[in-house]
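Chain A is fixed; fit chains B, C and D with the ligands onto it per the hints.
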Amino acid sequence: MGRALAVIIWILTLGSVSLFFVNKWWFPTAISEHAPALDRQFLLTIIVVGLSFAAAQIGLGWMVWKYRDTGSTDRAMYTHGSNRLEVVWTIVTAVIFIGLAVMGQSVWASLRFNDAPAGSFQVEVVAQQFQWNFHYAGKDGVFGRTHPTLIDDSSLNFIGIDEADPSSKDDAVHSVIAIPAGRPVELTLRSKDVIHNFWVPQLRFKQDLVPGMAIKVHFTANTPGKYELACAELCGQLHFKMRSFMLVLPTDEHSELMTLPQDQFQTRMTELLAKYKLPASN
Amino acid sequence: MSGETHDTHGAVHRHEAPTSFIRKYIFSLDHKVIGIQYIILALVAVLVGMTMSVLMRMNLSWPGTNWPILGTLFPGGAPGGMMTPEFYLSLVTMHGTIMVFFVLTTAPQGGFGNYFLPIQIGAEDMAFPVLNMLSFWVTFVGFVVILAAIFFSGAESTVGPIGGWTGYAPLSALPNSGPGQGMGMNLWIISIAIFCVGSLLGALNFITTLLNMRAPGMSLMRMPLTCWAWFTTAVLALLSFPVLLGGGILLLLDRTAGTSFFIPGGLYVSGVLSGTSTNFPIHTGGSPILWQHLFWFFGHPEVYIAILPGMGATSHILSTFARKPVFGYRAMVFAIFAIGLLGFFVWGHHMFISGMSPYSAMTFSILTLSIGVPSAVKTFNWLGTLWGGRIRFTTPMLFAIGFVSLFVAGGITGLVLGQSSLDLPMHDTYFVTAHFHLVMGVASIFGMFAATYFWFPKMFGRMMSERLGRIHFWVTFVGVYCIFVPMHTMGIVGMPRRFAQFTEYEFLATLHPLVVFVSIAAIATVIVQILFYFNLVWSMFKGEKAGPNPWEATTLEWITTSPPPHDNFAGVIPTVYRGPYEFAVPGAPNDFILQTEPEPGTVPATEGTGNGHNGHRH
Amino acid sequence: MSAHAEEHEHFAGSNKLFTSIWVWLVVLTLIEIGLAYKPMSTILMLTILLGLSIIKAALIVAYFMHLKFERLSLILTIVPMLVICICLLFVFFPDSFRSSDLRYKFKESPPAPAESH
Amino acid sequence: MSTEARAVHFPAADWDGGVHPYRVGHRKLGMWLFIVSDSLTFSALLIGYSYLRASNVWPTPFHFNPSILFSSLMTMCLLSSSLTMVFGVSASSRGDWRATRKWILATIFFGLAFLILHLYEWNHLIHEGLTPFALPAQWVTQYTAADGTLPSPLFGATFFAITGLHMFHVFTGAIYLSVVAARVKKLKHEDIEISGLYWHFVDLVWMFVFPLIYIMSVHIEGH
Ligand code: HEA
Ligand code: HEA
Ligand code: CUA
Ligand SMILES: [Cu+2]
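Protein chains in written order, with this note's numbering: chain A, 1 to 282; chain B, 283 to 900; chain C, 901 to 1017; chain D, 1018 to 1240.
Next comes chain A alone, as it looks inside the complex (with noise of 0.2 Å):
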């Protein structure tokens, strides 16, 4: 039985951890500026404990291996434990995972703890039950004034835009976020109705939508091309329904769409979307 057990828990081992060797799943490949240093982190992380899962887990199956009752008369070894072994083992850990913590809060901080870089690319972002609304300021770079007692779905002014503003005229709103490559960029993400999540697994990026809060956030995305943009948070019946994309443009590009009047952005936006491939999962 010992040793039936000890073998069942080492095979467990291996299998789990050789899953994590199956770089088909794994992380897609990432495009933004702070994922190096999280995949990096990730990494690090993911093999201390991944070491000490199987450390334990090895160390574990010897155990019940080597001092599973053999039927000899002999008795257990009498010992109510070691106090340096306590001391020493709690020392241990303590540094390894306090030194994890502190070693991730660098990415953290360069995410969160300052403003978006000074002529970063602003997006307003509008969720809803069940879309995305992504709101560009276009030529004159002003948002147009928004008032939910403006917003009507059936006649598509999901957020709400007051036409009587001036510099909601060149404004354009539209399901698809389009971002430029290699410029820092900063969304206002609000809500229209629950807590909703924006998630592009490539940005190796996550934010809550508030109800009630215009919340902040910034980073920079490199590499261009169309990624797919999810609700990670759960929001409702349509929840896993509450998909779009994410354009990430050249510059020229990207500026040249921001420029044209709103019904021309629409069908450029659909070219664009054409145009572009979600990659290759890999």
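Since the hints were derived computationally from the structure, they do not count as laboratory data.
You may find that some hints are simply not true.
With a straight-line cut-off of 16 Å between C-alpha atoms, the simulated EDC-like cross-links for lysine to aspartate or glutamate are [claimed, not checked]:
# : chain 1 : residue 1 : chain 2 : residue 2
1 : A       : Lys216    : C       : Asp1001
2 : B       : Lys306    : B       : Asp849
3 : A       : Lys241    : B       : Glu786
4 : B       : Lys824    : B       : Glu748
5 : A       : Lys24     : B       : Glu788
6 : A       : Lys139    : A       : Asp170
Below, chains B, C and D with the ligands alone, put in the same frame as chain A:
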């Protein structure tokens, strides 16, 4: 003045059991009966929860399939046999709620704790028998209400609430935010509130009992680790449930009294602007994050409430069947306490990306990883307990070892999630689902399995079938690894939680084989649980008779008959002379010494440690 | 079970003592009410009020609820865990200020400048 | 006992089992634990109140008459009821159950006075137009912030939720005490003491509700 002792001490002084069926089995005041009632409640609840999990898996891996039976069973949820997304979500919500509250907060604490804490400290009953009975029946009412929530959702399609077990506002606060969010949501909240009351009544009962009713000689450091675990759990429950209760009251007011504690202004839900319609009154000023704080302030301690009793049982059983004292008893006690204490300092790790202040997030992140330390210490001590033992592989031992394995597997991923930066890609993906199923979904459950197999002889006077038990263990152990380890991979690829289908997204396509594999594993595992239930019922009547101490264990529950008499010790309160895990004592007649066995000379409350005899390394 | 309660029927503290405590409580309350009409910064007022309330609570717990006359061990069991939890609840506040800073302000009148918070 | 109470060290015997380590019976310890738990419920609500108040424009509408006047009277009632209660308890420790009953009845009287005043004051506010979900019209105009932000209706929500829950506690306390008063002859001293604990706790909670909800919302001219 010296402490007055229990007047029952010494003199024989029987409490006779009530005779009428009602007083004996239904509204019983006997902590043993109440404990069994709790366990039965958990066993029923877990059946519901498991069934739901199977339905969920079926929907995930074979979306759009027609299951005629479902069509007939849930005409609203699966019209024509095809599950609707809202039905799936209500399954998720109910699965989570029932499993966390009505399985893992009842069986370990209310069930085994109720039955064995008084016996293990040498008391005749809990401190407040009537309160004890009340706690159970209150909890029972809560269970009935939660079941009702599935069927009286108020929406035309009969599904339960779809807000997830965390009930995030405003989704949970707005009746018009989706099907099932009407009456069903109200019932869900009410059920949780009732449950809170039940558990905190239970908690103060536990604490009082343990502090006030220990038998002579049962010093704190002579208590079995199970008692320490139950005690800490009770403290956690006492301090965390009231906060959820407060939050629940506010949420209910938001839904019924038109207040807006958790509802900000200017919302536009399903075509209606707040304030422009009678069924969507004006709301303003509330904060969704406040609900998350209140919920998780309870929520994180809750998860330790779920696992601490399992840890206690594991330590207890490992030592018993390794025939060896627990390695580092004191360290274990400190670890339990540290986990309990730190458990209150880390709730924010569920809210890293919720819009919470990034600075609090950083603090929470560091505190969260430090809570891994006591857990690690416990793991190492479990290994230390096995080290140099003479391990007897009975079924409870198998499950206890399984607990250690699974707890490590689940726990370490917590260290990934605990880093705020790594939580950016990981939050609300199946990586989280994998994490908490391994620790809570199965480690804690394995603790309960171990406890059941271990204490069944004491509870019913008969052994459970070892053969069935072994089969049950092997399949479940392998099964749960197959179910929950692949979920990590899904999470890394980026599969979000609470998705009714994955067919929408291309980057998830590569995962389809895994999804199917998991579902098959899950269904197999769940089916095998039938063995467990059969084993329970069969052994109750047909199992071989068990003596008072079938496992040759040392603690107080083994000095009395199986099952114990109404007053546990036939009227003679035992006196305790030594520590709880005195196995393999050199020179002793047999390799275990009961706690009640006197010894010439006085015994210190706990043995010295590390005094290097028996080839100890130093 | 607790039929065999403690023997010490004697209940420490004289009615004179309790009355004086009561006087103190009344005085503190009057001070609080008086404060209400003193123009001062909200924060200052809040701190003073809470300070006074804590003193009053302490008096009630110590004398009326008799905790002062209980064993130190009981005090150490009950007070710290409560205090710790209550202090922890204060961790909510950064997010309170945050949610008011980040609250989305709908501009009532066009034309409007670029949206800000 | 008093010497016991001052004993700072914990003689091992206290914790070695077979004794009540605090020299306190089950019921009393249980009541203390219940109080700990219950005070956390109130803390949660009060923290929630402060949280929402700090992130909203909050009206400060309480005029001296009636709100502050009444709430102060109510405070006095509760304080006095605590005093009579403690008199009752010490009377029972002297075994003088007549005095005990007398004092407990006095306590109930003050408790009921508190309730009546409180309900009157609620009634007054409701008539002014305060509800859990809306402020009286003139408050809205009066307390709109400089930047045009309206005062938050959460004022009513938090007010009714917290004072309501407290009122409920006073009410149950009064019932509890009347039972005690009725059975005072049969009850042990400790049981009287326990009922006292609960009552003082209700008083204690008010010591925080009063300043936070009332004093902090006093209307000051020229505001
Ligand atoms: C029994 C229940 C239980 C337990 C014990 C734990 C234990 C831990 N949990 Fe878990 N957790 C949950 C139940 C549990 N959790 C649930 C239900 C959720 C999801 C809620 C929801 O959103 O629905 C969750 C979610 C969750 C999150 C949020 C994820 C997200 O939503 O984004 C985080 C983040 O920090 C986290 C962290 C931790 C940590 C650090 C521990 C630590 O306590 C783990 C400590 C254990 C170990 C560290 C392993 C043993 C140690 C060793 C083997 C030593 C050797 C190891 C090394 C040297 C590395 N958990
Ligand atoms: C105790 C907690 C527990 C347990 C046991 C389980 C068991 C299982 N869970 Fe559950 N699950 C949760 C807690 C639990 N889960 C929670 C909290 C959520 C989140 C909900 C939300 O998102 O809101 C969740 C969500 C969840 C999801 C994600 C849904 C989604 O996000 O879309 C999935 C998906 O497959 C899943 C599957 C399963 C499966 C297949 C099982 C099992 O069927 C595996 C096999 C079963 C067992 C091994 C247990 C058998 C136990 C006994 C027979 C009794 C034990 C003995 C005694 C009580 C004495 N669960
Ligand atoms: Cu939007 Cu999920
Ligand atoms: Cu947690």
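How the hints compare with the structure:
About 11 Å separates the Cα atoms of A:Lys216 and C:Asp1001, which keeps this hinted pair within 16 Å; it holds. For the suggested pair B:Lys306 and B:Asp849, the alpha carbons sit about 13 Å apart, so the restraint of at most 16 Å is met. For the proposed pair A:Lys241 and B:Glu786, the alpha carbon gap of about 7 Å is at most 16 Å, so the pair holds. The straight-line distance between the Cα atoms of B:Lys824 and B:Glu748 is roughly 13 Å, inside the 16 Å bound, and the hint therefore holds.
Taking the CA atoms of A:Lys24 and B:Glu788, the gap is near 14 Å; set against the 16 Å cutoff, the hint holds. Distance restraint check for A:Lys139 and A:Asp170: the Cα-Cα separation of roughly 6 Å lies within the 16 Å cut-off, and the hinted pair is therefore satisfied.
Consistency note: the structure conflicts with none of the earlier hints.
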